[in-house]
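**Student:** Knowing the structure of chain A, use the given hints to seat chain B on it.
There are 2 protein chains.
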Amino acid sequence: MQELPLGFDLAAVQAGFRYKDRPDLALIFSRTPARAAGVFTTNAFQAAPVQVGRENLDRSDLMRAVLVNAGQANACTGDEGLADCRSTLDMLAGHLDISPGEILPASTGVIGMRMPMPVWEKSLPQLVKSLGGCTPEQSAMAIMTTDSFPKTASRETGLDQGRVRFWGMAKGAGMICPDMATMLAFVLTDLQMDGPRWQEMLAGAVEQSFNAITVDGDTSTNDCVLALAGGESGVSCQSSRDRDRAFQALEEVCSDLAYQIVKDAEGGTKVMHIRITGAADSLDACRAARAVGNSSLVKTAMFGCDPNWGRIVAALGRSGAGFDPEKVRLSLAGQEIFARGKPVDMDIDEVFAPLLTARDIRVDIDLGTGEGEYFLMASDLTDEYIRINSDYRS
Amino acid sequence: MQELPLGFDLAAVQAGFRYKDRPDLALIFSRTPARAAGVFTTNAFQAAPVQVGRENLDRSDLMRAVLVNAGQANACTGDEGLADCRSTLDMLAGHLDISPGEILPASTGVIGMRMPMPVWEKSLPQLVKSLGGCTPEQSAMAIMTTDSFPKTASRETGLDQGRVRFWGMAKGAGMICPDMATMLAFVLTDLQMDGPRWQEMLAGAVEQSFNAITVDGDTSTNDCVLALAGGESGVSCQSSRDRDRAFQALEEVCSDLAYQIVKDAEGGTKVMHIRITGAADSLDACRAARAVGNSSLVKTAMFGCDPNWGRIVAALGRSGAGFDPEKVRLSLAGQEIFARGKPVDMDIDEVFAPLLTARDIRVDIDLGTGEGEYFLMASDLTDEYIRINSDYRS
Numbered sequence: 000m001q002e003l004p005l006g007f008d009l010a011a012v013q014a015g016f017r018y019k020d021r022p023d024l025a026l027i028f029s030r031t032p033a034r035a036a037g038v039f040t041t042n043a044f045q046a047a048p049v050q051v052g053r054e055n056l057d058r059s060d061l062m063r064a065v066l067v068n069a070g071q072a073n074a075c076t077g078d079e080g081l082a083d084c085r086s087t088l089d090m091l092a093g094h095l096d097i098s099p100g101e102i103l104p105a106s107t108g109v110i111g112m113r114m115p116m117p118v119w120e121k122s123l124p125q126l127v128k129s130l131g132g133c134t135p136e137q138s139a140m141a142i143m144t145t146d147s148f149p150k151t152a153s154r155e156t157g158l159d160q161g162r163v164r165f166w167g168m169a170k171g172a173g174m175i176c177p178d179m180a181t182m183l184a185f186v187l188t189d190l191q192m193d194g195p196r197w198q199e200m201l202a203g204a205v206e207q208s209f210n211a212i213t214v215d216g217d218t219s220t221n222d223c224v225l226a227l228a229g230g231e232s233g234v235s236c237q238s239s240r241d242r243d244r245a246f247q248a249l250e251e252v253c254s255d256l257a258y259q260i261v262k263d264a265e266g267g268t269k270v271m272h273i274r275i276t277g278a279a280d281s282l283d284a285c286r287a288a289r290a291v292g293n294s295s296l297v298k299t300a301m302f303g304c305d306p307n308w309g310r311i312v313a314a315l316g317r318s319g320a321g322f323d324p325e326k327v328r329l330s331l332a333g334q335e336i337f338a339r340g341k342p343v344d345m346d347i348d349e350v351f352a353p354l355l356t357a358r359d360i361r362v363d364i365d366l367g368t369g370e371g372e373y374f375l376m377a378s379d380l381t382d383e384y385i386r387i388n389s390d391y392r393s
Numbered sequence: 000m001q002e003l004p005l006g007f008d009l010a011a012v013q014a015g016f017r018y019k020d021r022p023d024l025a026l027i028f029s030r031t032p033a034r035a036a037g038v039f040t041t042n043a044f045q046a047a048p049v050q051v052g053r054e055n056l057d058r059s060d061l062m063r064a065v066l067v068n069a070g071q072a073n074a075c076t077g078d079e080g081l082a083d084c085r086s087t088l089d090m091l092a093g094h095l096d097i098s099p100g101e102i103l104p105a106s107t108g109v110i111g112m113r114m115p116m117p118v119w120e121k122s123l124p125q126l127v128k129s130l131g132g133c134t135p136e137q138s139a140m141a142i143m144t145t146d147s148f149p150k151t152a153s154r155e156t157g158l159d160q161g162r163v164r165f166w167g168m169a170k171g172a173g174m175i176c177p178d179m180a181t182m183l184a185f186v187l188t189d190l191q192m193d194g195p196r197w198q199e200m201l202a203g204a205v206e207q208s209f210n211a212i213t214v215d216g217d218t219s220t221n222d223c224v225l226a227l228a229g230g231e232s233g234v235s236c237q238s239s240r241d242r243d244r245a246f247q248a249l250e251e252v253c254s255d256l257a258y259q260i261v262k263d264a265e266g267g268t269k270v271m272h273i274r275i276t277g278a279a280d281s282l283d284a285c286r287a288a289r290a291v292g293n294s295s296l297v298k299t300a301m302f303g304c305d306p307n308w309g310r311i312v313a314a315l316g317r318s319g320a321g322f323d324p325e326k327v328r329l330s331l332a333g334q335e336i337f338a339r340g341k342p343v344d345m346d347i348d349e350v351f352a353p354l355l356t357a358r359d360i361r362v363d364i365d366l367g368t369g370e371g372e373y374f375l376m377a378s379d380l381t382d383e384y385i386r387i388n389s390d391y392r393s
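Those sequence lines, one after another, are chains A and B.
Start counting the first sequence at 0; every next residue gets the next number (numbering that gives the first Met the number 0).
Start counting the second sequence at 0; every next residue gets the next number (numbering that gives the first Met the number 0).
It should be emphasised that the hints constitute simulated quantities derived from the structure, not laboratory data.
Please note: incorrect hints may appear among the correct ones.
Said to hold, decoys possible - Covered by chain A, according to a simulated footprint, are these stretches of chain B (three or more residues, beta-carbon under 8 Å):
| no. | segment |
| --- | --- |
| 1 | 73–83 |
| 2 | 108–118 |
| 3 | 294–306 |
| 4 | 381–387 |
Said to hold, decoys possible - Calculated lysine to aspartate or glutamate pairs in the EDC-like style (CA-CA distance at most 16 Å, straight line):
| no. | chain 1 | residue 1 | chain 2 | residue 2 |
| --- | --- | --- | --- | --- |
| 5 | A | Lys326 | B | Asp78 |
| 6 | B | Lys341 | A | Glu370 |
| 7 | B | Lys341 | A | Glu79 |
| 8 | A | Lys326 | A | Glu370 |
As the list claims (entries may be wrong) - Incomplete in silico selection of chain A near chain B, CB under 10 Å:
| no. | residue |
| --- | --- |
| 9 | Phe302 |
| 10 | Gly316 |
| 11 | Phe322 |
| 12 | Asp379 |
| 13 | Asp382 |
| 14 | Ile385 |
Small disclaimer: the values here were computed from a predicted structure and weren't measured.
All residues carry an ideal CB built from backbone N, CA and C; glycine is no exception.
Here chain A stands alone, though its shape is the one from the complex (with noise of 0.2 Å):
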């Protein structure tokens, strides 16, 4: 079993918002005060608890708890919906006698229905009855939609003055799937971490795992990612390299999650790690590599393990990144496919077909015209995805 950062304890239990025989609300407990940080989804329309939230951690960086319920996104709910989430942690600041301004809550599930009150009541005190007596996995799993699987991941990484621990859990099966609504992330750690500094670690690890990764191209109202440092391991960094250490495992953590959500999208057979390299800039790079991840005629040939390099071309074309397409070069599973304007001279079918059988598929694309990178990670479309999908509401 994954053992939690010094100082943090879980709890989960079965609320029944909407899920049967299986916890759906889980609370994030730190024994003392623990910095937080916290990234947000862009969408325009934020669910309340998104909107709580950050109020919250406008206010305060200092987090004594984080909240979460799967089922109910409490998104498009209106005032009252915002009044809900706030009564919410009112009653539970009361159970763990805190301030409500200290809990972070996090919602997840159908967009547009009100929470229903009397469940959160009922539940609530045997959430903070229950809390320490619940594994990792059975926290992940109560924050899962339609996820097929827990998904959690853990560092740990010496510093100067000692070791510190790093743990996180995320719920996602879809970048994002809007009335699922959608990717959730919980980060905790034993190190001691001032607050501005934080938020800049969390950012720049969400940049590189959450925020590189794809399965449908949508983004939801509810999106958030939040870290709490509470320093319980009595270990700060002292220098750049004790930073840069730390970042290490922070991020390591963060893509591991990222990983797992791709591998879990909804309906996906596959993962594919797309690498763009020689791009005029990072922005091109990016750019280049969510036409091709993005694309569902790629997808698909994907799901097919069809070699079809013409798709990935086609999407690269039409990216906006600049570049001179006879200097394109582009290697399927390790292997060059396309080259100099035109496919390689061998019988592209027998060669490739067999290697796209794999989960993961390595794209490589090099623009051929300067320094810019960039890395993301993308499932394949299926028809399983459809079926999930065009059932869901049913």
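**Tutor:** Here is chain B on its own, set in the frame of chain A:
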């Protein structure tokens, strides 16, 4: 049967590039030099016929013929592909006794394979011999790839000097589907037009028709819209009112063909007619419409006849368009479903699900901000799309 504009003849033969038992090579011939206009793909990878067609148009806008084949795209074929394309024009020019520079080529089909020159050598004499012995529908059939029906449209309009006729044909089933590369359209008229005006008029009509549809958000290496104004009616535009009427007829032919492409979207069962109003400007309106029309989650919900307004709202929220979420109003099939940040107070499934069983669905969105407007037609996303695109090359 549709009547062609005066002065044009069509031909179609079964050459055998890829398809069996159907015509796959078409010729449009203008008995006199016709004023030509063209709009080409913006993809960085441009197919050989696109490159050759642009070159010819740059040298002169008077054309005698358009030559189109289906099954081979002649894209990503390097210098050899360019030479192949030029040599087909040389051959045809010989048979027609015109100059190769008076012919516009277009190809659609698989990317990356060389043209089979013996097939061209054998077919071109037959093609020229059969000129005039072909219905508009047979000609439209010869340019199909995954299309399930031939697409033609025609309009007549009265100008001050007399009546003129517009006729067009198109192929495409998937706004773009790069390896069936992809959307082609050809419009003929017997109106007399001078060069710059005709190009402007075509560009304007394309903007409101072929550029305002989406199946999967992809664009191809071979797309083009070519228009020939032969002038055989003896009628030219005498006034701005004439130009408006001619533009309207041209735009209606283009929009009719564009609608047919979305209706024939690979695996599609529905056409969403997305109208954005109240945007800050037309660019924002376009962003909002495309975010909704390209969202896999909106498209799969439409396929499932699911009034899942949350997905539409979430797509608007990430579109980049500026608006106040509280002011957004959304109607589905003519009925308001979301306003003032919340869903309308009615049994949404009971009211809306039956309305969504129609083939054509209106999606009206007012952003409540300014005067910007945009209209987009989009297909749904179905398991059949996945089947077609994951099985394609097998």
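**Student:** Please go over all the hints and tell whether each is borne out by the structure.
**Tutor:** Cross-check of the supplied hints:
Using a Cβ-Cβ cut-off of 8 Å, 4 residues of the segment 73–83 of chain B lie near chain A, which meets the minimum of three, so the contact claim holds. Only residues whose C-beta sits within less than 8 Å of a C-beta in chain A count toward coverage, and the segment 108–118 of chain B has 3 of them, enough to reach three; the restraint holds. For the segment 294–306 of chain B, the stated coverage by chain A is satisfied: 8 residues place a CB nearer than 8 Å to a CB of that chain, which reaches the threshold of 3. For the segment 381–387 of chain B, the stated coverage by chain A is satisfied: 5 residues place a CB nearer than 8 Å to a CB of that chain, which reaches the threshold of 3.
With a CA separation close to 14 Å, the supplied pair A:Lys326 and B:Asp78 stays within the 16 Å bound. A hinted pair counts as satisfied when its Cα atoms are at most 16 Å apart, and B:Lys341 with A:Glu370 does not qualify at roughly 47 Å. For the proposed pair B:Lys341 and A:Glu79, the alpha carbon gap of about 10 Å is at most 16 Å, so the pair holds. Pair hint A:Lys326 plus A:Glu370 holds up; C-alpha atoms about 14 Å apart against a cutoff of 16 Å.
Nearest Cβ of chain B to the Cβ of A:Phe302: about 5 Å, under the 10 Å cut. The hint holds. The beta carbon of A:Gly316 comes within 4 Å of a beta carbon in chain B, closer than 10 Å, and the hint placing it at the interface holds. Of the supplied interface hints, the one on A:Phe322 holds, with its beta-carbon coming within about 7 Å of a beta-carbon of chain B, less than 10 Å. For A:Asp379, the suggested interface contact is upheld, since its CB lies about 9 Å from the closest CB of chain B, less than 10 Å.
For A:Asp382, the interface hint holds, the least distance from its beta-carbon to any beta-carbon of chain B being 5 Å, beneath 10 Å. Nearest Cβ of chain B to the Cβ of A:Ile385: about 5 Å, under the 10 Å cut. The hint holds.
The earlier numbered hint that this structure contradicts is number 6, and it is the only one.
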